[in-house]
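Visitor: Sequences listed follow chains B and W, in order.
Residues in the first sequence are numbered consecutively from 3, following the numbering used here.
Residues in the second sequence are numbered consecutively from 832, following the numbering used here.
Do not rely on the hints blindly, as some may be mistaken.
As the list claims (entries may be wrong) - Computed cross-link-like contacts, DSS-like style, restricted to lysine-lysine with a CA-CA straight-line distance of at most 27 Å: (1) Lys282/B / Lys296/B; (2) Lys524/B / Lys282/B; (3) Lys156/B / Lys1133/W; (4) Lys499/B / Lys340/B; (5) Lys513/B / Lys523/B; (6) Lys246/B / Lys523/B; (7) Lys207/B / Lys166/B; (8) Lys1005/W / Lys166/B; (9) Lys139/B / Lys1005/W; (10) Lys127/B / Lys1005/W; (11) Lys207/B / Lys83/B; (12) Lys276/B / Lys340/B; (13) Lys129/B / Lys1031/W; (14) Lys207/B / Lys246/B; (15) Lys302/B / Lys442/B; (16) Lys1005/W / Lys157/B; (17) Lys156/B / Lys1134/W; (18) Lys275/B / Lys296/B; (19) Lys509/B / Lys524/B; (20) Lys135/B / Lys1005/W; (21) Lys207/B / Lys81/B; (22) Lys417/B / Lys389/B; (23) Lys509/B / Lys302/B; (24) Lys166/B / Lys139/B; (25) Lys127/B / Lys139/B; (26) Lys1133/W / Lys157/B; (27) Lys207/B / Lys48/B; (28) Lys340/B / Lys442/B; (29) Lys340/B / Lys302/B; (30) Lys1134/W / Lys157/B; (31) Lys340/B / Lys275/B; (32) Lys129/B / Lys1005/W; (33) Lys166/B / Lys1134/W; (34) Lys135/B / Lys157/B; (35) Lys270/B / Lys509/B; (36) Lys224/B / Lys166/B; (37) Lys1005/W / Lys156/B; (38) Lys224/B / Lys207/B; (39) Lys1031/W / Lys127/B; (40) Lys953/W / Lys1061/W.
In short, the hints are calculated from the structure, not lab data.
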Amino acid sequence: MHFPPEYKQRKERRLLGDYILELNQIDKVYGNGVVANRDINISFRKGEIHSIVGENGAGKSTLMKIIFGIEQPSSGTMKYKGREVRFSGSQEAINAGIGMVHQHFMLIPSYTVADSIILGNEPRKMKIFTDYKTAVKRTQELSDQYQFDIDVTKKISELSVGEKQKVEILKTLYRNAEIIILDEPTSVLTPQETELLFQQLTHFKETGHTILFISHKLNEVKRISDRVTIMRNGVDKGTYDADKISLDEMARLIVGREVVEDYSHLRKEVSEKKNILEVKDISLEQNGVQILDKVSFAVKSGEILGIAGVQGNGQSELVRCITGLIDYGTGTTAVDGKDITYLNIYDKRKSGLAYIPEDRMEDGTAGAASITDNMISTFYEREDLNKGPFLLLNNVQNEVEMLIDKFSVKTKNAKQRIDSLSGGNIQKVVVAREYRTEPKCLIAEQPVHGIDIGSAEFIHTQLIELRNQGAGILLVSADINEVINLCDRILVMYEGKIAGCFDDPSKFDEKELGLYMLGVKKQEEEQGGVHCEQV
Amino acid sequence: MSWADFVNSFFSANFLYVVIRVSVPLLLASLSAYMASLTGVGNIAVEGIMLMSCLMAVLGSYWTQSAALGLLIALATGIGMALMIYMFSMSLGAQPLLVGIALNTFASSFTVFLLYQFTNSKGSSGTLPSKVLPTVDIPLIKDIPFLGEIVSGHYLLTYVTVILLILFYIMLYKTPMGMQMKACGLNEQAARSVGINVTKMKLLSMLFSGLTAAIGGAYMTMGYASIFSKDMVAGRGWIGIAAQGIAGINYVALLVVTMIFSVFQAITNVFLLYDLPSELINTIPYVGVLLGVIFYSVAATKKHRQV
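One chain only, chain W, in its complex shape:
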């Protein structure tokens, strides 16, 4: 392939299609981290929740032989895990950070344990006939050249994610609930003093956090791939947490940062076509995140010094 082909591959409809495809789990991971930190609870178990949901989507759809029920089981798993963080930290006084670490390490091993129980394999669920969710062709739009190629024909959960992004935006910026949730994270005392039910807001935010991470997990095994393999989330949860750390409470910034990370992830796919060591190429998204965090920190420090 020539140099021109290489450059062109970044401006093709296919590349943008890939960007969207890889962005979905990252966006959901970012949302999960964002929702949890919104009320000041924090969730560093995004990775673990996604991983458990990945497996439960596979197992659930295999047991019920229904993609929809499999999805529901995955969602229940994710929400349950997020609520565990809430319960252990809010009611029982544990550090949310420690509960998060426990859940992450637990998920990493327990998924392998379950996998072995049901497939006799410690690597992947390839032998298990699980269901996947359908792809959706958007009528009319799919026939538009270029645009149709990019936005049509994605998995169902991609469009669910887009709808969720819009709903969350409306909630955060247009409803009293969003305003109150934000207030809880920004100044809990102040929120309490005007009679906001802080406990309820924290519960809700963890519920949203679990839900989004679970959808992210289900997407990984019911669309992005059709089987579960060990540690397949591969740091996406952490990338989401990094994006949230950079964006802070700014929702739009969260989406922009996540999309930038998604582009890095998509670039990997292009480079893999070339004769380069794949191990090196696979580090691109992570190096991208690292650079992003460094640039952000330097900029923030500079700004802080000026003030």
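So here's chain B without its partners, still in its complex pose:
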């Protein structure tokens, strides 16, 4: 991909004093061979807000862990204030003046704000006692100094999410952090809280702090940062001045991928079209954050409807609402005209729903159980497999061997523990099992996430075959290409809403979809949203 050269800052060497932190050729390879970071070169200026953007799994968090000393780089060097450093733990990074606000707060509900801030660096009196008076005084002063408006004698459990985040920031300030790393800080905040956070970040900039802001929300990034580094597949795709790069360019750099598969020749027209899965007005609120906002759509028989979106925009919650894995939230779901909203999971499945969960190890399989047991778990009650209270093990064995054969699961025998298989083969077992229930509607959530290309292609082919047989398939994926290649229609979710709807497979465009996924573009309701929902 080519970009105007003026956008890309060459790796020019500046005087050392300009940069507070420099990363040179940082590589991170995990023990299992997963490459998280490759040849990362980023320099951070003192007193700037520097955003790191990229999709989930692009290696942002790993890089931050390296800076904060939680992970060690496999190779490469890090210079802090002009001197080469290597942090062997977070304590060393903290001592050096680097603070991190984790995405999941590191707080103890029963502690007061003051206690939480001082924990690990307590003021003392007579050397052994905690000086609570000084603690309260100093933390309150700190909070007031930065206009955080927090009563430090309150307990953490009494605080709102936004206030908890403030406490996390205060923790770094209390330890005199000069660099503050914020890992997706806005993902848990309401719009008002986000606004406030941005004001504070700007204030920190003025007081000389360097902010590392990790996000995949491009609007925010563009607004708040001075410079932006874009990461994709563990590689940094360059650092840009925020006011010189457009949202389009950013989006393109983030999602650009090569097209591999094409399944269009496999698709067959399915004559009878009716609504197989109808979802109406599903809303969900968690901790005051609107995760799903009146999501409605329908999946027809003989089609694959794709839900695209960057992870964390409500897709997985949507699936959990439909499948019944979480039962709060409002709205209704119907399969083939039958309302299944209030049925339990067993009855939902009986009504013709099948589900390939995103996490095959946690939700998809029982790791310690055999392939056979996992394979028949959705249809073990079938008549030809049972006689009275007993399972007909010969029939079960035949059935499982047939499926292993049909889905070409590579295994020694069916009695093997399922977690001894490779990811791709485990997923094939899950797909085979769901396929075998002959579902009216299949919900496939990231069905090929993290598995080899061969297995992925095989699974995709099976999904299309199921579609050709007249089933309705809801495919949820963060991978644009997967969605484009497989689906008959595509919905894009952004911040819990359907942001875009695309009906014509021949006009699917990766870059266009990318813009919707990242919230740069949005279809107004009258343009397409409504049209999509009322099929």
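Fit chain W to the supplied structure of chain B, relying on the hints for placement.
Guide: Frame of chain B, contents of chain W only:
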């Protein structure tokens, strides 16, 4: 004895003296369970550690002919066993629960084995001339009527326990160390993220756990009784674990719950004066604990439902 005598016996100085006397091993068992759970390791071998310490106090003081050295040997035994839980679970990856069960069953049989080796008896160490720790009369206070009768004249380890209770309170609520230890149990990730040495805190908490259980054991054979008899801890370690389970992380609640259990134990002593089946009477402390746990659970469930 009349009904009035019976009622009066609960309000006598003697009864309160007995409450304190029986409360010491229970308090130490509770402390042991509390200290271990504080950092999230957990110790269900309180019973076993107490039992081993009981015997080692007897054997140690018999070998050295010194009560002080006997006490030291008992303490070393208890701390060593607690550190075994720490080592097996933290360094070698075993489940603390399983290590605890192993230590409990081990202690129950191994004490009998040792007892037989040195006394040729499988029941008690009655033939072994072991030492006991002295009782202490507190000057001035011992002369105060009623109060003096209650708080003075206990065994040395009783007062050591009181001092320990106060020291632990100060540590937990007034020092950074207590705050950090609690943090380890409440949110280990959070503790780690601010640079607290979690491993060290867990080691310390197990050390305290072993120490308190060991003192509890030594008290049983160097004060409460002067000989070792088979399985003489009789569930006190478990009662301590139950008290900790009810009180959770609340130290004051831990002491209050343990004292309530102690009263049940003391009541047994009063009832034994009457012509009632002793087997039944001896169940009182355990029934008390069972009721306590049930009441607590019901209350907690109710509270949980309201929220």
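Visitor: Taking the hints in turn, state whether each one holds.
Guide: Evaluation of the provided hints:
1. For a cut-off of 27 Å, the pair hint linking Lys282/B to Lys296/B stands: about 7 Å separates their Cα positions.
2. At most 27 Å may separate the alpha-carbon atoms for a hinted pair to count; Lys524/B and Lys282/B meet this at roughly 21 Å.
3. For the given pair, Lys156/B sits about 26 Å from Lys1133/W by alpha-carbon distance, which is consistent with the 27 Å threshold.
4. Under the criterion of a C-alpha separation no larger than 27 Å, the hint pairing Lys499/B with Lys340/B is consistent with the structure, at around 25 Å.
5. The hinted pair formed by Lys513/B and Lys523/B meets the criterion: a straight-line CA distance of about 11 Å does not exceed 27 Å.
6. Between Lys246/B and Lys523/B, the direct Cα distance comes to roughly 19 Å. Compliance with the 27 Å bound is thereby established for this hinted pair.
7. Only pairs whose Cα atoms come within 27 Å are accepted, and Lys207/B paired with Lys166/B is accepted, the gap being roughly 21 Å.
8. For a cut-off of 27 Å, the pair hint linking Lys1005/W to Lys166/B stands: about 25 Å separates their Cα positions.
9. For the suggested pair Lys139/B and Lys1005/W, the alpha carbons sit about 17 Å apart, so the restraint of at most 27 Å is met.
10. Of the pairs offered as hints, the one joining Lys127/B and Lys1005/W holds, with about 10 Å between alpha carbons and a cut-off of 27 Å not exceeded.
11. With a C-alpha separation of about 17 Å, the suggested pairing of Lys207/B with Lys83/B holds against the 27 Å cut-off.
12. The straight-line distance between the Cα atoms of Lys276/B and Lys340/B is roughly 13 Å, inside the 27 Å bound, and the hint therefore holds.
13. Under the criterion of a C-alpha separation no larger than 27 Å, the hint pairing Lys129/B with Lys1031/W is consistent with the structure, at around 19 Å.
14. Simply put, Lys207/B and Lys246/B have alpha-carbon atoms about 20 Å apart, close enough for the 27 Å limit, and the pair holds.
15. Under the criterion of a C-alpha separation no larger than 27 Å, the hint pairing Lys302/B with Lys442/B is consistent with the structure, at around 10 Å.
16. A threshold of 27 Å between alpha carbons decides the hint, and for Lys1005/W with Lys157/B the separation of about 18 Å falls inside it, so the pair holds.
17. A hinted pair counts as satisfied when its Cα atoms are at most 27 Å apart, and Lys156/B with Lys1134/W qualifies at roughly 22 Å.
18. A threshold of 27 Å between alpha carbons decides the hint, and for Lys275/B with Lys296/B the separation of about 25 Å falls inside it, so the pair holds.
19. At most 27 Å may separate the alpha-carbon atoms for a hinted pair to count; Lys509/B and Lys524/B meet this at roughly 17 Å.
20. Between Lys135/B and Lys1005/W the CA atoms are separated by roughly 12 Å; this keeps the pair inside 27 Å, and the hint holds.
21. As the CA atoms of Lys207/B and Lys81/B are separated by approximately 21 Å, the hinted pair is consistent with the 27 Å bound.
22. Distance check on the hinted pair: Lys417/B and Lys389/B sit about 22 Å apart at the alpha-carbon level, within 27 Å; holds.
23. Restraint check: the Cα-Cα separation between Lys509/B and Lys302/B comes to about 20 Å, which is no more than 27 Å; the hinted pair holds.
24. A hinted pair counts as satisfied when its Cα atoms are at most 27 Å apart, and Lys166/B with Lys139/B qualifies at roughly 19 Å.
25. Only pairs whose Cα atoms come within 27 Å are accepted, and Lys127/B paired with Lys139/B is accepted, the gap being roughly 14 Å.
26. About 23 Å separates the Cα atoms of Lys1133/W and Lys157/B, which keeps this hinted pair within 27 Å; it holds.
27. For the suggested pair Lys207/B and Lys48/B, the alpha carbons sit about 9 Å apart, so the restraint of at most 27 Å is met.
28. As the CA atoms of Lys340/B and Lys442/B are separated by approximately 12 Å, the hinted pair is consistent with the 27 Å bound.
29. Our distance criterion of 27 Å between C-alpha atoms is met by Lys340/B and Lys302/B, whose separation comes to about 14 Å.
30. Of the supplied pair hints, the one linking Lys1134/W and Lys157/B holds, its CA atoms being roughly 19 Å apart against a limit of 27 Å.
31. Taken as a hint, the Lys340/B and Lys275/B pair is honoured in the structure, with Cα atoms around 16 Å apart against an allowance of 27 Å.
32. Restraint check for Lys129/B and Lys1005/W: satisfied, since their Cα atoms lie roughly 12 Å apart, inside the 27 Å limit.
33. Only pairs whose Cα atoms come within 27 Å are accepted, and Lys166/B paired with Lys1134/W is accepted, the gap being roughly 25 Å.
34. Between Lys135/B and Lys157/B the CA atoms are separated by roughly 16 Å; this keeps the pair inside 27 Å, and the hint holds.
35. Simply put, Lys270/B and Lys509/B have alpha-carbon atoms about 19 Å apart, close enough for the 27 Å limit, and the pair holds.
36. Between Lys224/B and Lys166/B the CA atoms are separated by roughly 25 Å; this keeps the pair inside 27 Å, and the hint holds.
37. Restraint check for Lys1005/W and Lys156/B: the C-alpha separation of about 18 Å stays at or below 27 Å, so the hint holds.
38. For the hint linking Lys224/B to Lys207/B, the alpha-carbon distance of about 16 Å falls within 27 Å, and the restraint holds.
39. Of the supplied pair hints, the one linking Lys1031/W and Lys127/B holds, its CA atoms being roughly 23 Å apart against a limit of 27 Å.
40. In summary, the hint linking Lys953/W to Lys1061/W is supported, as the alpha carbons are separated by about 7 Å, within the 27 Å threshold.
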